[in-house]
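As you go down the protein sequences, you meet chains A and B in turn. The opening position of the first sequence corresponds to residue 6 in our numbering, with each subsequent residue numbered one higher. The opening position of the second sequence corresponds to residue 6 in our numbering, with each subsequent residue numbered one higher.
Among the hints, erroneous ones may be present.
It does not matter which identical chain is used: a pair holds within one copy or between any two.
Said to hold, decoys possible - Listed next, the in silico BS3-like pairs over lysine-lysine satisfying Cα-Cα at most 27 Å (straight line): (1) LYS76 x LYS96; (2) LYS21 x LYS127; (3) LYS70 x LYS127; (4) LYS29 x LYS127; (5) LYS22 x LYS127; (6) LYS22 x LYS70; (7) LYS22 x LYS76; (8) LYS63 x LYS112; (9) LYS29 x LYS131; (10) LYS107 x LYS70; (11) LYS21 x LYS70; (12) LYS22 x LYS131; (13) LYS51 x LYS29; (14) LYS63 x LYS22; (15) LYS76 x LYS51; (16) LYS29 x LYS70; (17) LYS76 x LYS29; (18) LYS35 x LYS21; (19) LYS21 x LYS112; (20) LYS76 x LYS21; (21) LYS112 x LYS22; (22) LYS21 x LYS63; (23) LYS63 x LYS107; (24) LYS35 x LYS131; (25) LYS22 x LYS51; (26) LYS127 x LYS35.
Hints were generated in silico from the structure; no laboratory data involved. As the structure is a prediction and not an experimental result, all values here were calculated from the model.
Number of protein chains: 2
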Amino acid sequence: MQLLLIHSDYIEYEVKKSTPVAEKIEDPMKSGRLEDALTVFIAVEKADEVNPDEVAQKAVSEVEKVAGQVKTESIMLYPYAHLSSDLSSPKVAVYVLTAMEKELSGKYIVKRAPFGWYKAFKISCKGHPLSELSRSISPENKDGVNVVCALEGKPEVVSEALKAESTAKS
Amino acid sequence: MQLLLIHSDYIEYEVKKSTPVAEKIEDPMKSGRLEDALTVFIAVEKADEVNPDEVAQKAVSEVEKVAGQVKTESIMLYPYAHLSSDLSSPKVAVYVLTAMEKELSGKYIVKRAPFGWYKAFKISCKGHPLSELSRSISPENKDGVNVVCALEGKPEVVSEALKAESTAKS
Ligand SMILES: [Mg+2]
Chain A
6 MQLLLIHSDY IEYEVKKSTP VAEKIEDPMK SGRLEDALTV FIAVEKADEV NPDEVAQKAV
66 SEVEKVAGQV KTESIMLYPY AHLSSDLSSP KVAVYVLTAM EKELSGKYIV KRAPFGWYKA
126 FKISCKGHPL SELSRSISPE NKDGVNVVCA LEGKPEVVSE ALKAESTAKS
Chain B
6 MQLLLIHSDY IEYEVKKSTP VAEKIEDPMK SGRLEDALTV FIAVEKADEV NPDEVAQKAV
66 SEVEKVAGQV KTESIMLYPY AHLSSDLSSP KVAVYVLTAM EKELSGKYIV KRAPFGWYKA
126 FKISCKGHPL SELSRSISPE NKDGVNVVCA LEGKPEVVSE ALKAESTAKS
C-alpha cells in the first residue's frame, strides 16, 4: 500500500462519472467535504492481497500517528490509483478502504471518497513540514522472502526483513 | 520520471520554508497561480540521471500531448518527491525541471514551483476522465538491458524493450 498524507485546510470531492470498477454508492457518498483534515490518498497494492486485514490495520496505525502529530480529528480516506503501478484487485481495495474507515470511525470524524469513480476534488495543503508525508506499507513477510531486483546484470538483493514496515520519504 | 497530470480549475502555491536541498529562488518564484491549467507533478528519478536531456524532452512531449487533449495553454510544473521512492539527485532534478520549463515556455504559459521548498498549495481537479493521468518515463535503454524482479522465488523477467516508453494508468 502506498499512502500520501496531506494536512489540509479543506478537502472536498464530488463524483462525476463511474468507471467499470466503480463501487456502488448511495447519495450521501457522492460528495463530501472536511475542514482542517488529514487527507489520506491511498493505493492498495497487489502485495496487500496476501493479508488485507493486516495492511488495513498497519495503515490505520500510520494514519493515527500522523493525525496525532498534526493534531487533527478529521480524516478523509481517498482512493488514489496513481500512487502505484501494481494495484490490487478492486475488490481487495474496497475491502481495505472500508476496513480502515470502520476502524478509524470510532475515534475520528471520517469520510471516505468512493472507489472507482471519476471525481472532481479541491484540496488546500497547509505547507508546514509535516503537511505532506508518504508511507509504504506491506504485509509482514513471515517466510523471510527476498525481493531480488537486477538491473544491468548487477543484482541487488533487498531483504524484506531489513526494510522497515513503513518508510517515510519526508 | 514519474508524472501526475491534473487538469485543474486552478493551481496555486506559496513557499513556506526551505529544505536543505532548496533551490535558490528570487521573489517572483515564491508564489504562483494559474487558472484552467494542466498541473504536472514531477518526480525525477535516479534512472533519469543517465540522460536528463532525453527524459526532459520525453516529458515535454507527454505534457504537450495531454495539454492538447484537455485543451489548455497553461502549465504548472510542480516538483513532487512523493511520486517515487528512487529519486535523482537534487541537482539533476532542478536541471530537468528547468529544461522542461524552458522548452515549454515558447508555446504555453508556464510556471514552475521551486524545488526543495515546503509549499502550501491549493488545487481544484476538474474530475473529467482525462483530468487525472499518470505517466512513467525513462531514458532509452540502448543496450536492451533487462530488469529482473523475483518475488517468492518466482522470477519475473520484464524486458525494457517490451515496455512502452511511457505508460498510462488511467
Ligand atoms: Mg511508485
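Comparing the hints with the structure gives:
For the homomeric pair LYS76 and LYS96, neither the shortest alpha-carbon distance inside one copy (32 Å) nor that between copies (35 Å) is at most 27 Å. Taking the shortest alpha-carbon separations for LYS21 and LYS127, both the intra-copy value of 14 Å and the inter-copy value of 20 Å come in at or below 27 Å. Proximity of LYS70 to LYS127 under the C-alpha cut-off of 27 Å is found in both arrangements, the shortest distances being 24 Å within a copy and 24 Å between copies. With identical chains, the CA atoms of LYS29 and LYS127 are at most 27 Å apart within one copy only, with a shortest distance of 23 Å there and 30 Å across copies.
For the homomeric pair LYS22 and LYS127, the shortest alpha-carbon distances inside one copy (17 Å) and between copies (23 Å) are both at most 27 Å. Taking the shortest Cα distances, LYS22 and LYS70 sit within 27 Å of each other only across copies (23 Å), while inside one copy they are farther apart (34 Å). Taking identical chains as interchangeable, the C-alpha atoms of LYS22 and LYS76 lie at most 27 Å apart only when they sit on different chains, with a minimum of 20 Å there against 34 Å within one chain. Proximity of LYS63 to LYS112 under the C-alpha cut-off of 27 Å is restricted to the intra-copy arrangement: shortest distance 16 Å within a copy versus 47 Å between copies.
Only between protomers do LYS29 and LYS131 lie at most 27 Å apart by alpha-carbon distance; the minimum there is 22 Å, versus 32 Å within a single protomer. In this homomeric assembly, LYS107 and LYS70 come within 27 Å of each other (Cα to Cα) only inside a single copy, at 17 Å, whereas the closest approach across copies is 41 Å. For the homomeric pair LYS21 and LYS70, the shortest alpha-carbon distance between copies (23 Å) is at most 27 Å, but the shortest distance inside one copy (32 Å) is not. Taking the shortest Cα distances, LYS22 and LYS131 sit within 27 Å of each other only across copies (12 Å), while inside one copy they are farther apart (29 Å).
Taking CA atoms no more than 27 Å apart as the test, LYS51 paired with LYS29 passes inside one copy only; the shortest distance there is 22 Å, against 41 Å between copies. For the identical chains of this complex, LYS63 and LYS22 are neighbours neither inside a copy (31 Å) nor across copies (31 Å), given an alpha-carbon limit of 27 Å. With identical chains, the CA atoms of LYS76 and LYS51 are never at most 27 Å apart, being 32 Å at best within one copy and 35 Å at best between copies. Taking the shortest alpha-carbon separations for LYS29 and LYS70, neither the intra-copy value of 31 Å nor the inter-copy value of 33 Å comes in at or below 27 Å.
For the homomeric pair LYS76 and LYS29, neither the shortest alpha-carbon distance inside one copy (33 Å) nor that between copies (32 Å) is at most 27 Å. Proximity of LYS35 and LYS21 under a CA criterion of 27 Å is satisfied intra-copy only: 9 Å inside one chain copy versus 34 Å between copies. Proximity of LYS21 and LYS112 under a CA criterion of 27 Å is satisfied in neither setting, with 30 Å inside one chain copy and 31 Å between copies. In this homomeric assembly, LYS76 and LYS21 come within 27 Å of each other (Cα to Cα) only across copies, at 19 Å, whereas the closest approach inside a single copy is 32 Å.
Taking CA atoms no more than 27 Å apart as the test, LYS112 paired with LYS22 passes in neither setting, with 32 Å inside one copy and 32 Å between copies. In the homo-oligomer, the alpha carbons of LYS21 and LYS63 never lie at most 27 Å apart, since the shortest distance is 31 Å inside one protomer and 31 Å across protomers. Taking CA atoms no more than 27 Å apart as the test, LYS63 paired with LYS107 passes inside one copy only; the shortest distance there is 14 Å, against 43 Å between copies. With identical chains, the CA atoms of LYS35 and LYS131 are at most 27 Å apart both within one copy (25 Å) and between copies (15 Å).
Within a single copy, LYS22 and LYS51 get their C-alpha atoms as close as 25 Å, which meets the 27 Å cut-off; across copies the closest is 37 Å, which misses it. For a Cα distance limit of 27 Å, the shortest separation of LYS127 from LYS35 qualifies both inside one copy, at 14 Å, and across copies, at 22 Å.
Violation of the numbered hints given earlier is confined to hints 1, 14, 15, 16, 17, 19, 21, 22; the remaining hints are satisfied by the structure.
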